[in-house]
Structures are given as structure tokens and as C-alpha cells.
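Chains U and B, in that order, give the protein sequences.
As numbered in this note's numbering, residues 1166 to 1508 make up the first sequence, in order.
As numbered in this note's numbering, residues 20 to 462 make up the second sequence, in order.
If you are wondering where the hints come from, they were derived from the structure by calculation, not from laboratory data.
Check the hints yourself; a few may be wrong.
As the list claims (entries may be wrong) - Just so you have them, the derived chain U footprint on chain B, three or more residues with Cβ under 8 Å:
id : region
1  : 40 to 49
2  : 122 to 130
3  : 173 to 186
4  : 193 to 200
5  : 280 to 289
6  : 409 to 416
7  : 421 to 433
To be verified - Sample of chain B residues lacking proximity to chain U, with all beta carbon distances greater than 10 Å (derived):
id : residue
8  : G107
9  : R137
10 : F275
11 : K295
12 : Q327
13 : K446
14 : M447
For glycine and all other residues, C-beta sits at the position ideal for the given N, C-alpha and C.
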Amino acid sequence: MLYVVIVFLWASILLYLLLGGADFGAGIIELFTSSKNRNQTRKTLYQAIGPIWEANHMWLIIAIVILFVGFPAIYTTMSVNLHIPLTIMLLGIIARGTAFTFRHYDAVVDDMQHIYNRIFAVSSFITPLFLGIIAGSTVSRSIDPEAHTFLDAYIFSWLHPFPVAVGLFTVAICGYLASVYLIGETDTPEQRQRFLAKAWLMNWAAVGCGVLVFTAAYWENIPLMHWVFGEIWGILGVGTATISVLALWFFAYRGYNNILRILAGFQVMMILMVATYQHFPNIVLLKNGAYLSLLEHKGNDKTIQALAWALVLGSVFILPFLIYLMYSFQSKDKEEAPVYGDV
Amino acid sequence: MDDFIAARSQMALSLGFHIVFSCIGMVMPFFMAVSHYLWLRTENIVYQNITRAWSKGVAIFFAVGAVSGTVLSFELGLLWPTFMKHAGPIFGMPFSLEGTAFFIEAIALGFFLYGWGRFNPWFHWITGVIVGISGLLSGILVVSANAWMNSPAGFDYINGQYLNIDPIKAMFNAAWFSQALHMCLAAFAATGFAVAGVHALMILRKQNVHFHRQSFRIAAIFGCVAALLQPLSGDFSAKDVAKRQPAKLAAMEAHFKTEERASLIVGGIPDAEHQKVDYAVKIPGLLSFMAHGDFDAPVKGLDQIPLQDQPPVAITHYAFQIMVGLGMAMMAIALVFGTAVFLKKEWLKKDWLFKLFAWATPIGFIAVEAGWTVTEVGRQPWIIHGVMRTADAVTPMPGIAYSFYLFTGVYVSLALVTLFMLYRQIKMVDTLYDLPTGIQEAH
Ligand code: HDD
Ligand code: HEM
Ligand code: HEM
């Protein structure tokens, strides 16, 4: 039963990264789009993410609930020592969520739109940045439960090169995902060309940030090389991901859209697998050499059992509807039906 | 500001903010389902317009409710790590089920908001109903988590250890039913009065009268039925509190001395130092009757509760008075409206009726905030009643005061922007949903 819970935790983090990440990425792209094309980008983006928008951030909530119900020690250690980046991430979530909604539901269209757009784009950058910083901090042995000064306990637990590099990498991945997803949402060849160019750019940004992550790890003596390349699974993961990137570009110029999305999703899945596989089940590595493990620092058996059942039953209810929702709004006839949000 | 006070204030602020949006998210889908149904049945375009206008408002409220709820699920750990470390596995069951309910709600909302003209109309209608049902369910579940803090169950507390944990028993604790029932009714009453009030104001201003009259009617019926049931359920809650949390009951009533034939204290200024209440109206025997169903039963006073276990009396007492006072006022308004609907149809055209409702716009929500203050402040100094003290649960991180100022700023601006947004929605009703004059005059 414990493994059922762990699989759900992993899957909800992955899905948040894939769906929520594409949603962040859309804002990131907006941030880096010339003002001339911004309106078009925004429209494409809204058509793509509008209907599933509410559902996307549910994955984060599921992950948090799994953590505090199933693995309370892990949740509390993170909440105490990473209080500040968590708070900043929350502010990002608040700003983004409200700005996104306001700009589409404001009955009067005027200068307020600029403000919403600005807030949306900037917070789309900040939120995944801090998400990545939090993820990076958990494995970099910088959380020190015995720290005595404010700086050691609450600042240096997350503010150092490795987490920041992971944060930037997360931002790049989100941008990459969004631009690949959006290639398929474009209506004209010329728009398609624009999103292809963006995806290309984001692809290289991700590679650059990846190099940054490895450099920071090397500098801080974090055995990232060993985690990633120390075992056959890691090498296999990186290998298939690399091949799939090549395949993606092969298909991209030949007009296959759904394959592109699957490949991009596959790459992110491989990155997450490689990043978590080697030090599983230890998801928080502490400064004093101790670690918090999913197998040891768990709630009691009865709770885990109940949680596992709740998750399984929940997904039996949810998945068919979610898939139908995505399917319903996939079809290309979007323009014809009166989309109320656009009134 | 002291960090502990700051943490409590931040929690109170976040919850007090979220509850407004969650009430609307729980209840509005039902209002929409009714007008949507009327549209599908009668094909009167007004009902479609009402549904659409409301759904725009709901989308805004829903998004703000969702982000403020997300903040809460982090805040529990950010502010109360020690509490969550022990309580998480025990009272987490409703939260994990709530996750499912939210998910269904979010998916159904996607279908509903973006589904106009795309699906079979009745499938579209059903998705709206599902939004409401799953919203209500998530409200019930989260309240049952809170009820566990008031009446802990499903574990044995032995030598500081939490043993024999049973999350299902924890979920169905002694307080869950009375609290969940009272909360659901409160959500209907508060939202019903608020929505009816806004539409009443527009009727008084003679704008789109036909549109607003129909909207008013739907909201007022829901709100008034709930307001009539609310005092009954409140009485049930009070009896329940008397059993499980005598200290809270004593604080609510500013009942300092244990006595038989205890009198109900209405109004007044509690003076904790001298253990008395000044300027209050006392109704002998009524408190005994309310708490135990017997005019002569003894009611435990604060004198039987050790000083370090007593909740703040003044806040709890005032909040309780406000809730009950407003509850009575809402019941009275509901009776007037009932009379108008069943006996005196001509009242439904009178300005004074709409004025009454317009004035009553905020009172349901004030009562909700007051009621939660009673529940939460009345539980102090405990975070888990009788088991863990709030002061022992707070985060060790210093500087929470700054976090409180920051979140206060955020919530105040969010509230202002939401109001601004709502104002613009209402202002646009004219342009978006105006009817050809012929139809308007025919009614
Ligand atoms: C529209 C809002 C509203 C109205 C009109 C009332 N209440 Fe209430 N009350 C609430 C909204 C509320 C609430 C905000 O929803 C609370 C907080 C916790 C809960 O479960 O419901 C609450 C709590 C609450 C509690 C504490 C329950 C606990 O701590 O477990 C009691 C004893 C009452 N109420 C009693 C009453 C009585 C006797 C009323 C008579 C008119 C009344 N309420 C009207
Ligand atoms: C949404 C309606 C709610 C409101 C308006 C509300 C209000 C408050 C208030 C005023 C306080 C501060 C009490 C004090 O420190 O004197 C508080 C504390 C708290 N509430 Fe609630 N509450 C609500 C629901 C809940 C729910 C559903 C939960 C949990 C499942 C919860 C958990 C807590 C916790 C953990 C604290 C901090 C510890 C404490 O002060 O006891 N609350 N809340
Ligand atoms: C009595 C108190 C509460 C009630 C009645 C309530 C009810 C609701 C409802 C109906 C929603 C749906 C969103 C909406 O319609 O705006 C919602 C959203 C949410 N609530 Fe609460 N809630 C309460 C307190 C809490 C607490 C204490 C937490 C966290 C610990 C919480 C976490 C959430 C989350 C994460 C969401 C967002 C879900 C989504 O994306 O749809 N709520 N709440």
C-alpha cells in the first residue's frame, strides 16, 4: 500500500510538471514575446489551457495532501526550513491564478488588462523558479535542522547556487513544454513557424540551464553525476531522452503535432525519473548526513492504507472525466462554437 | 507584533478570507442550476442570461477561492508544523477525499464554463449540478477536519504519543455532523442573502428590472429557506458544544459561575477580572434549556475550568452575540419574504421589501465570520482540544509578523480587486444582457 501512495505522489508531481508546467510556460513565453505578437500568443494560449486550467493546479494540492497525510515529518521539515521559498512560491500562485482569471473575465476591457498581463507573465516565471529552488534544496544537504542562526536555518537552506540552477532549469523546461504543446494549436504556417522557433530557443535554454545545474552540483560537491550516470537506469533515461529530442525535431518539421507532445512529455518524465531514481527513497537529504525517507518517515499503516484507497478510488472517478474534458476541447472546431469566455 | 499572535492572526485572516469564496463556490452552482433548468424548460432567454451572468461571477470567485485554498494547505505546515506532524496522519482522511471532490469540481467547472453550445444541453446542465454537489461535499469534508480539532477522536494519546490511529473514526468524530450541517446551511443563507441583496439594489435603481427580479427570486428563496432552518441547527450545535467543550460554551455565554437554572445572557460587556457581565439582559433558565434541554439543569461555568485552559471570553461572547443576533434578523426577513410569497403577493412589488434585502446584503457573511470566530477562538488555548496547545504547535521560525503584514496586504488587495471586478460585471449587465424593450414591458 505504501508503494501505491508513493506512485501517486510521484505521478502527481510529474503531472503537475507536465500540465501545470506547460501552463507556467505559456506565461513565460508571453514574457519573452515581442509586444507585436503578444496578443496572438495569448489567444492561442488561452484556447489551449482555458478549460483545463482549474484542474492543473490540483496536482500540486494532491501532492501536498499526500505529503502531510502520509509523510508528515517530510512535510513539516520542508515547511519549517523552506518557509521563505514556499511563501514566495505561494505569492506567485496567488498572483498568477488571479491575474489569469481577471484578464479573461473582466467585463470591461481597458488598461487594467496590461496590469493583469504583466502580473501573469512575471508570476509565471517566479513560481516555477521557486518550485525548482525548493526541489533543489531538498537534495543538496543544505537543510540543517540543528542550525542556530536565522541565516543558516532559513536562508542558506535554499539560497545557494545549486537550487537556483535547478530553479532556472525548471523555468526553461516549462517554457519548452509550453512551446511544444502550442505548436499544435496554431492556425497558420507562419504562427507555426514562430512557435517552432520558440521551442527551439527553449530547448537550448534548457540545455544551458542543465549544464548550469551540473556545474553548480560539481562546485558544491553534490554527487549529481553519480546519481544520473551511476547506474544503468540513469544512463538509459538520459539516452532515451536525448534520442527523443532528436526525434522531436525530426517530426516537428514534418507537421506531426501529437507525437511532439508525447515526446516532450516523455523527456520531462525521464528527467524526473533520473532525478529521483538514484536516491529513492530518501527525498530530503539533511546537512548532518541524515535523510528523510519515504519508506521510514511515513505515517502509521492504517493511515497509509486509507490514503491509498482514497487515491485509487479518487482516480477511478476522476481520470475518465479528465480525459474526456481534454478530449472534448482538443478538437479543432474550437472557433465555431461560441466560447463564452471571449464575450 | 509577537510571532505567536502573528501566526494566529495570519491563520485567521487566511481562513476568514477563504470562507467567503468557498461559501459562494458551494452555493452559486445550485442557483445557476435552477436558472439553467428554467431556461432549458421555458426557453425564456432571461434565464439563460442570468445563468451566464452568474457563471462569470462564479468563475472569478472560484479562482480566488482556489488560490486562497491552495495557500491554506501550505499554511497549515508553514505556521503550525508541530500540529501537522502529529495531526496530519490522523485528520488527513477528509483532506485526501476533499482532494477528489475538488478535482471533480474543477473538471466539471471546465465543462460547464466552456461548454455552452458544445454539448447536449442536459449534459451541460448536469455538469453544473456536479460542480455544486462536489463543492458542497468538499466543504463538509474540510469542516469535519476542523470538527476533529474540536472533538479529537480516532487515536489514543498516551504519554505524549499518538497511538492506535484510525483515520476513519477521526473523520466521523462527535462534532462533524452538527458542524457540517450548520456550515452548509450558513453557506446557503449567507450567499442567498448576499446575492438577493445585490439584485434587490439593482431593482431599486430600476436597471434591467426584469433580469434582476428573476435573479432575486431564485437567490432569496434559497437564502430564506436556509435562514429559517439555521437557528434550529444552531441550537443543535449549542447542545453539542455543551457536551464536548463546556469551556467554549461558557465563554460564548460569558457564563462565569456554574449554576442551576442558568440564565441566558444577551448583550452586555463581560468583565473577566471580576467574573461578571455588565449591562446584560438575563433570561433565567434559558441557558440551561438551550444547553441541556431542561430549565433546571446545571451549566458548567468558567469557574470550573482551570485558568490556563480558559478561552478569551470577550471575543467569543461578542462573536456569538453577533451571530445569533444576525441569525434572528435573517429569520425575521425570511418570514417577511415567506408571507409575501404565500399570502401577500402585492408585497413583492414594494420598494420596502427590496430595501430590506439590500440592507441585509452583508449580514449572512458577517454571521459566518462571527460563527467561525466563536468556534476557533472558543477552542483556545487548544489547537487540538484537550491534547495539544496552540502555543506548542507554532513554527519556530522568527519574523512571522512580517509574513502576516505581507499576507494582509495581499488579501486586502485581492479583496479590493475582486470587488472591483464584481462591480464591473454588474455594471455591464445592461450592455451584455439587455432585452429588447418589448419583452421587458410585457412582464
Ligand atoms: C449565516 C450564518 C450563521 C447564522 C445565521 C448562525 N450561525 Fe452559528 N455558526 C455559523 C454560521 C451561522 C458558522 C460560521 O458556519 C459556524 C462556525 C463553525 C460552524 O460549524 O458553523 C457557526 C458556529 C456555531 C456554533 C459553534 C459550533 C462549534 O463550535 O462546534 C454554535 C453553538 C452556533 N453556531 C449556534 C448558532 C445559533 C444558536 C444561531 C441562531 C440563530 C446561529 N448559530 C446562527
Ligand atoms: C473557513 C472557516 C474558518 C475560519 C473563519 C476560521 C477562523 C480561525 C480563527 C479566527 C483562528 C484564530 C483563533 C485564535 O488564535 O484565537 C483560527 C485558527 C486556526 N484554525 Fe480555523 N477557521 C476556519 C476553519 C478552519 C478549518 C476548516 C481548519 C482545519 C481543518 C482550521 C484550522 C485552524 C488552525 C490549525 C488554527 C490555528 C491554531 C489555533 O489558533 O487554534 N480552521 N481559525
Ligand atoms: C470551513 C472551512 C472551509 C470550507 C467550507 C471550504 C470549502 C471550499 C470550497 C467549496 C472550495 C472550492 C473552491 C471555490 O468554490 O472557491 C474550496 C477550495 C479550496 N479549499 Fe477550502 N474550505 C474551507 C477551509 C479550507 C482549509 C482549512 C483548507 C486547507 C487546509 C482548504 C483548502 C482548499 C483548497 C486547496 C482549495 C482549492 C481547490 C480547488 O482548486 O478547487 N479549505 N474550499
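Quick rundown of the hints versus the structure:
1. 40 to 49: Answer violated; 0 residues pass the 8 Å Cβ test.
2. 122 to 130: holds (count 8)
3. 173 to 186: holds (count 3)
4. 193 to 200: violated (count 0)
5. 280 to 289: Check failed, 0 qualifying residues.
6. 409 to 416: holds (count 3)
7. 421 to 433: holds (count 4)
8. G107: 4 Å, violated
9. R137: The claim breaks: R137(B) does not keep its Cβ more than 10 Å from every Cβ of chain U (closest is about 5 Å).
10. F275: 39 Å, holds
11. K295: At roughly 43 Å from the nearest Cβ of chain U, K295(B) sits farther out than 10 Å, so the non-interface label holds.
12. Q327: Nearest chain U Cβ is 26 Å from Q327(B), so the label holds.
13. K446: 7 Å, violated
14. M447: Check fails; 4 Å does not lie beyond 10 Å.
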